[in-house]
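Please model the entire structure based on the sequences and the hints provided.
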Amino acid sequence: MRKIINSTYISLDGVIENPQNWTSAYFQDEAAAYAQELLFSCGALLMGRATYDGFAQAWPAMEEATGDFGVRMNTLPHYVVSDSLEKPGWGDTKVIKRADTVAELTKLKEQDGQDILQYGFGAVSRTLVENGLLDELRLWIHPVFVGTGDPAELVTRENFAASFELAGTTTFKTGVIVATYRPAAA
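Here the sequence shown stands for residues 64 to 249, numbered as in this note's numbering.
Source of the hints: derived by calculation from the structure; they are not laboratory data.
As the structure is a prediction and not an experimental result, all values here were calculated from the model.
Fair warning: there could be bad hints in the mix.
Listed below are the simulated BS3-like cross-link pairs for lysine-lysine, each with C-alpha atoms no more than 25 Å apart in a straight line [what the hints assert, rightly or not]:
#1 Lys172 to Lys160
#2 Lys172 to Lys157
#3 Lys66 to Lys172
#4 Lys160 to Lys150
#5 Lys157 to Lys170
#6 Lys150 to Lys170
#7 Lys66 to Lys170
#8 Lys160 to Lys66
#9 Lys66 to Lys157
#10 Lys160 to Lys170
In structure tokens, the structure reads:
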């Protein structure tokens, strides 16, 4: 059975939005190697619509700058949860309607193959957690306070609670800690 692994950059004050504005100083060789190993250990990408729109715009033009990583991002099968995306234009993309999310992702997990990678933590991630479909949460904790507090920019939301158990940590020289969590046993 395949796992769904969420990988999310987060600041010390809980901000997850616009990581391109506050993570680049911390993304050195160790982080790049870790990110590459994670991406290449997975056989598909799972996204919500906002992440898909950003990735579909950025990644096709990044292969030259990022090499094998960019090629992998562009050629993996992409699954995007959206009720409004009609004609995806980025690689091998399948659209999953919101009402079908749990059933479709359950079937996807049951298929043979490498794990499924999801970047960022939003509505799709919460649906995964609430329905027992998220197998690992990897929080890349960056040693920075971003200073924004808009609810859309934070990992937490009202009426959402979940418990996790620490499965491991990886620490980089830059001070970034990747904390790997798995859902806590009931």
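Each hint tested on the structure:
1. Lys172 to Lys160: Answer holds: Lys172 to Lys160 is near 17 Å, not above 25 Å.
2. Lys172 to Lys157: Within the cut-off at roughly 15 Å; holds.
3. Lys66 to Lys172: Status holds; Cα separation ~6 Å.
4. Lys160 to Lys150: holds, 13 Å
5. Lys157 to Lys170: Within the cut-off at roughly 14 Å; holds.
6. Lys150 to Lys170: Holds, at roughly 23 Å.
7. Lys66 to Lys170: The hint holds at about 12 Å.
8. Lys160 to Lys66: holds, 21 Å
9. Lys66 to Lys157: holds, 18 Å
10. Lys160 to Lys170: Between Lys160 and Lys170 the Cα gap is close to 14 Å, so the pair holds against 25 Å.
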